[in-house]
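Engineer: Chain by chain, the residues run as shown.
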Amino acid sequence: MRSRWRWLMAISLAASGAQAQANGWNMPVGVTDVSSDIYGLHMTIFWICVVIGVVVFGAMFYSLFRYRHSKGAKAAHFHEHTSVEVLWTAIPILILVGMAVPATATLKNMYDSSDAELDVMITGQQWRWRYEYLGEDVAFTSNMSTPRTQISGEEARGEHYLLEVDEPLVLPINRKVRFLMTSDDVIHSWWVPDLAVKQDTIPGFINENWVKINEPGIYRGQCAELCGIDHGFMPVVVHAVEEEEFENWLADRKEAAEQEAMGVDREWEMDELVERGESVYQSICSSCHQAEGQGAPPAFPALANNEQLISDVDWHLDKVINGVSGAAMPAFRSTLNPVELAAVVTYSRNAWGNDTGDVVQPSEVAELIAQ
Amino acid sequence: MWSVVKSVLAALLGVQSNQKREEDFSSGKPAAYLVTGVVITLLFVLLLIFLAMFAAR
Numbered sequence: 002m003r004s005r006w007r008w009l010m011a012i013s014l015a016a017s018g019a020q021a022q023a024n025g026w027n028m029p030v031g032v033t034d035v036s037s038d039i040y041g042l043h044m045t046i047f048w049i050c051v052v053i054g055v056v057v058f059g060a061m062f063y064s065l066f067r068y069r070h071s072k073g074a075k076a077a078h079f080h081e082h083t084s085v086e087v088l089w090t091a092i093p094i095l096i097l098v099g100m101a102v103p104a105t106a107t108l109k110n111m112y113d114s115s116d117a118e119l120d121v122m123i124t125g126q127q128w129r130w131r132y133e134y135l136g137e138d139v140a141f142t143s144n145m146s147t148p149r150t151q152i153s154g155e156e157a158r159g160e161h162y163l164l165e166v167d168e169p170l171v172l173p174i175n176r177k178v179r180f181l182m183t184s185d186d187v188i189h190s191w192w193v194p195d196l197a198v199k200q201d202t203i204p205g206f207i208n209e210n211w212v213k214i215n216e217p218g219i220y221r222g223q224c225a226e227l228c229g230i231d232h233g234f235m236p237v238v239v240h241a242v243e244e245e246e247f248e249n250w251l252a253d254r255k256e257a258a259e260q261e262a263m264g265v266d267r268e269w270e271m272d273e274l275v276e277r278g279e280s281v282y283q284s285i286c287s288s289c290h291q292a293e294g295q296g297a298p299p300a301f302p303a304l305a306n307n308e309q310l311i312s313d314v315d316w317h318l319d320k321v322i323n324g325v326s327g328a329a330m331p332a333f334r335s336t337l338n339p340v341e342l343a344a345v346v347t348y349s350r351n352a353w354g355n356d357t358g359d360v361v362q363p364s365e366v367a368e369l370i371a372q
Numbered sequence: 154m155w156s157v158v159k160s161v162l163a164a165l166l167g168v169q170s171n172q173k174r175e176e177d178f179s180s181g182k183p184a185a186y187l188v189t190g191v192v193i194t195l196l197f198v199l200l201l202i203f204l205a206m207f208a209a210r
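Going line by line, the protein sequences match chains G and W.
Residues 2 to 372 (the numbering used here) are what the first sequence spells out, left to right.
Residues 154 to 210 (the numbering used here) are what the second sequence spells out, left to right.
Simulated from the structure, these hints should not be mistaken for lab results.
One thing to keep in mind: the hints can contain errors.
Below, a list of computed lysine to aspartate or glutamate pairs in the DMTMM-like style, where the Cα atoms sit at most 20 Å apart [to be verified]: (1) G:Lys199 x G:Asp186; (2) W:Lys159 x G:Glu81; (3) G:Lys199 x G:Glu86; (4) G:Lys199 x G:Asp231; (5) W:Lys159 x G:Glu86; (6) G:Lys255 x G:Asp120; (7) W:Lys173 x G:Glu81; (8) G:Lys213 x G:Asp120; (9) G:Lys213 x G:Glu259; (10) G:Lys177 x G:Glu209; (11) W:Lys173 x G:Glu86; (12) G:Lys177 x G:Asp231.
Ranges of calculated distance between the beta carbons of each label pair, as one might list FRET restraints [as the list claims (entries may be wrong)]: (13) G:Leu65 x W:Lys173: 28 to 36 Å; (14) G:Thr45 x W:Ile193: 28 to 36 Å; (15) G:Thr107 x W:Lys173: 36 to 44 Å; (16) W:Leu199 x G:Ala104: 18 to 26 Å; (17) G:Asp116 x W:Arg174: 51 to 59 Å; (18) W:Leu199 x G:Trp250: 47 to 55 Å; (19) G:Thr105 x W:Leu199: 16 to 24 Å; (20) G:Ile92 x W:Ile193: 18 to 26 Å.
Here are a few chain W residues that sit away from chain G, every Cβ distance over 10 Å (derived from the structure) [unchecked claim]: (21) Ser180; (22) Lys182; (23) Tyr186; (24) Val191; (25) Val192.
Glycine included, each C-beta is placed from N, C-alpha and C at the ideal position.
Chain G with its partners taken away, still in its complex shape (with noise of 0.2 Å):
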């Protein structure tokens, strides 16, 4: 009799010992109400699981055991048991009703993105994340930070290794924001496990989601859903900030936008729309036309000593604003400013050996997306 319960105790030790590991296997508990329902449901569903798979192979190895052939056991022949056939279709009847009560509350809650207090756009780009805040007039795209180097091997990986971003998503604690979340392109999805947020993103439809942060932090993700060569590259880092502090940081965006918009008018300097351009190549085209410009082909064109490139500016200028339809080239229309635009092309035809010496001014960009 002892005996049997020392193997009770064997197994309640190893089910506490598989508890203290879970930090580093387990869905993370999350920062909202939402993942942390979900981390309890996830618990509790395991729990009933492991009951169910102890008391069945319990029996099983047990019956096994006790009633083997060497000790003379002979097999009953009987056809039926009403009442334990009824027993045993009630019992999971009534553990899959108890589980799916909780489930379903916990669903309904996950879907009702009502009285939302803020609304986020999200775009999935290859491959970036475009956020807008709408009614608010901020709207940025949020591109991976680790350098090239660290991808190819000749740096060492750094601590956020393919999860940082120069652009995170800010977000204000305490208060419900709400995901508008759809494509340009393919189907991408949205992950950040300590928000309970995996949301994919289809071109032509806009999935809602939303979430309410409870602490501040930085909480990072991935694109969940494989779309094309660099889905492994486009991070999701989201800030979430005290309400004051997202309120200034809004406040700055918005005056920042501002005076973007103001400088689409006024006339620039090669060195400027250069230097701006440099870094919007690095950050956007370089993924895929490589850093100096020597494109990776026959999938992406190089642009250094690209002929048509150098001899035809209205080409170059249609290739970025418009993409190339069937190619991997997208239409940067939406996605980069004017100024953006005219730099990154002036930038890229006056570097790498493209001595044009030609400057693309933002307003003749904004002539060109207007018309």
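Please arrange chain W on chain G, whose structure you already have, making use of the hints.
Structural biologist: Positioned in the frame of chain G, the structure of chain W alone reads:
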């Protein structure tokens, strides 16, 4: 009639005693079981719809 309903309910649950099964197969018309089966299935669906509407309120 009650015997038919009981058999259909037992079929929905998936448990039936051998004695009752033999009774069912020796007496009664197949059509009665089919009609009762369809009616009870519809009632079950309506019950689920009602529960879902109640839960969604």
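Engineer: Looking at the structure, which of the earlier hints fail to hold?
Structural biologist: 3, 9, 12
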